[in-house]
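Construct the entire structure; sequences and hints are all you get.
If you read the protein sequences in the order shown, they are chains G and B. Take 1200 as the starting number for the first sequence in our numbering and just add one per residue. Take 1330 as the starting number for the second sequence in our numbering and just add one per residue.
Any given hint might turn out to be false.
To be verified - Interface residues of chain G toward chain B, partial, derived using beta-carbon atoms under 10 Å:
1) Gln1215
2) Leu1257
3) Ala1274
4) Ser1287
5) Ala1298
6) Arg1305
7) Val1307
8) Leu1334
9) Arg1350
Stated by the list, open to error - Quick list of the computed label-pair ranges, beta carbon to beta carbon:
10) B:Leu1721 <-> G:His1371: 25 to 35 Å
11) G:Glu1386 <-> B:Ser1614: 44 to 54 Å
12) B:Arg1638 <-> G:Ser1243: 17 to 27 Å
13) G:Ser1243 <-> B:Ile1618: 26 to 36 Å
14) B:Ile1618 <-> G:Val1307: 25 to 35 Å
15) G:Gln1337 <-> B:Leu1590: 58 to 68 Å
16) G:Ala1402 <-> B:Val1621: 35 to 45 Å
17) B:Met1330 <-> G:Gln1273: 19 to 29 Å
18) B:Leu1590 <-> G:Val1307: 51 to 61 Å
19) G:Arg1406 <-> B:Leu1721: 46 to 56 Å
20) G:Ala1402 <-> B:Ile1618: 43 to 53 Å
21) B:Val1666 <-> G:Gln1337: 34 to 44 Å
22) B:Arg1638 <-> G:Thr1264: 20 to 30 Å
Keep in mind that the hints were calculated from the coordinates and are not lab data. We put the CB at the ideal spot given by N, CA and C, even for glycine.
Spelled out, the chains give:
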Amino acid sequence: MSGAVLAAQGMRKSYQSGDRRIEVLRGVDLAVGAGESVSIRGESGSGKSTLLNLLAGLDAPDGGTLAWGGEPAQANRRAGFLGIVFQSFYLIPEIDALANVLMAARMVKAPGAAERARAKELIARVGLAERATHLPAQLSGGERQRVAVARALMNSPKLLLADEPTGNLDEHTGDAVVELLLGLCRETQTALVLVTHNTAYAAKTGRQLFLRDGALS
Amino acid sequence: MPWYIYLAFKQLFPSGRFPFFTAISVLGVTLGVAVLIIVTSVMGGFGYEIRRMIVETEGEIDVKATGYLSDPKDVLAQITAIPGVAAATPYVKSVVGVQANGRPAYPIFRGVEVSTIESVANLSRFTNPRGALANLDDDGVVVSSQLATSLGVRVGDKIEVYSPLLIEKLKNDEVFFPREFRVVGELYIGHQQLDSSTIYGTLRAAQELYGLGRSVHGIYVRVKPGIDEHGVVAQLNATLPRATTRAYSWMESWADFLWVLNLEKSINFFLLLFIVIIAAFSVMSSLLISVVRKTREIGLLGALGARPRDVALCFCAQAFIIGLTGTAIGVGVGFGVLAIRNDLVHGIARLMQRQDTLRQFYQFSDLPSHTLTSDLVLTVVAAIFVSTLAGLLPAWRAARLKPVEALRSE
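Quick look at the structure:
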């Protein structure tokens, strides 16, 4: 896709398990345009998280190419180009919610007044203005995930990758988080790749893909 | 502030708290630094007290005669003409035999020029009554305090002094009588060696005891304030006839003793540095545990875009901050203990009823302390360096973690 935010071609990944080599991805092609939302579903162990890690540049593929915004994906571009939301939130326990959001900005440069203002705005946008100074341990699961969403959007990324963001949440909270993700991505024209088990959540995205036998369909 | 420094602070002191592992790591460094400062300061105090004792009793420079100086006035004139010299006074110094109340002793008899000794050596403040040395006549002596006690004499009593000259007379079958002196004062300097074995008399009395005529053994020299004594020593040796005299700074005169003192201090420093090294191992193990406990956070940092180098710096910074905090507190504790050292030492001695033993053993009545800036800087730099070094292994392990594997870890 010309001008794609994300373009993956022929991505392959295999793991050694004892004497066996398991091919998890057998040449995945994926292109996501600006502002587009794509869901990826698949059975447990089908390689969804592996694919997302490859798309995020967190893991190296055995073969294939990956481009972010038309340029080869490189680790040093990750902080400014994409945001990631994980199933397990992964907030830093020693710092409060606002500082966790601001942490993404710190990876790019020392935050100034503009970054602080944006972090506060995002915290308010995810409905946690009153909880900004609370430590992660003082927040519920849903609140933590909302902080993680705000953190992922802190650097105004072109692409947001969400790996089972509702996996550790109850249905009601999960619905709210997915609505928040989709809404924010629509508002900011951020491309979204959502990995989920949930058919209903997948249906809310612009394009639904299924990972089966190591390929997307 | 770079994120790795920010996070290092937050992980060590979350929400301004002092977590257990941080406290233990800091405590180790604190103890090591405090002990290092206390020991090097006390050792430095011994050196400083030695200097004070020598300079206040003999001046900074000792011009020693090779045998005798038969014309001290001429040499004195040459010495005082050198710029930087404040004053000079001749002396005779040798061992004598003393007897009083049937008790013998073999102290050093120092014959000094009463009119000029105070311009070189600040002795009057050590005598009881004050100024006893300035009022000395040829029949009077000032006896060091412990010697007076061991001889059982007080001011006004008499002592008999035997010199080697009297023994020479005995060899020639001449009748000899010991020289009788009246004790006019006691001297208390605060150093066991001087307080137990020194007698001050007039120069003339000492010359008579040794049959020296007008000759002397040497000349004590005081330099002007702010003048480097080594420069004056060099000038003196260039000016005075080498065949008969040689000038030595107090450091040269006591070179062997000072060398041993310095060696002892260096050995103590390196042995005690092991406390800091052991503390560094505690820092290292704490940080290694932290790397294991925070594996997923380290993975997250990688996912957020942190470079492995920056992750490593985060752990090195934690080790540095522990070293810096421990050192800062250690310096405070060290100086705090030094401030009350004499109360502590005397308290322990009183409890064990060992006050006298302490004085005899340590040479000084109080535990001296003098902190050299160079020792302080060395201690601070060594402690922070060793602590920071302890962060390298955890930092390396953290930097090696791959984000995906770290995030997956249980």
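So the hint says 25 to 35 Å: do the beta-carbon atoms of Leu1721 of chain B and His1371 of chain G match that? 48 Å, violated
Does the Cβ pair Arg1638 of chain B, Ser1243 of chain G satisfy 17 to 27 Å? Once the Cβ atoms are compared, 36 Å apart, the range 17 to 27 Å for Ser1243 of chain G and Arg1638 of chain B is violated.
Next item in the hint list is Gln1215 of chain G. Is there a CB on chain B closer than 10 Å to its CB? Interface hint status for Gln1215 of chain G: violated (14 Å vs cutoff 10 Å).
Is 25 to 35 Å a correct range for the gap between the Cβ atoms of Ile1618 of chain B and Val1307 of chain G? 30 Å, holds
Interface hint compliance - Arg1305 of chain G to chain B, C-beta minimum distance less than 10 Å: Since chain B brings a Cβ to about 4 Å from Arg1305 of chain G, closer than 10 Å, the hint holds.
Given a hint of 44 to 54 Å, does the C-beta separation of Glu1386 of chain G and Ser1614 of chain B actually sit inside it? 49 Å, holds
Please verify that hint: Leu1334 of chain G, Cβ, nearest Cβ of chain B, below 10 Å or not. This interface hint holds because 7 Å falls under the 10 Å limit.
Interface restraint verdict for Leu1257 of chain G against chain B (beta-carbon cut-off 10 Å): Constraint on Leu1257 of chain G satisfied, holds at 5 Å.
With respect to the beta-carbon atoms only, verify the hint that Leu1590 of chain B and Val1307 of chain G lie 51 to 61 Å apart. 57 Å, holds
Is the hinted range of 34 to 44 Å satisfied by the C-beta distance from Val1666 of chain B to Gln1337 of chain G? 42 Å, holds
May I ask you to test the interface hint for Ala1298 of chain G with respect to chain B, counting a Cβ-Cβ separation under 10 Å as satisfied? 8 Å, holds
Status of the Val1307 of chain G interface restraint (C-beta, 10 Å, chain B): 7 Å, holds
When each numbered hint is compared with the structure, violations occur for hints 1, 10, 12.
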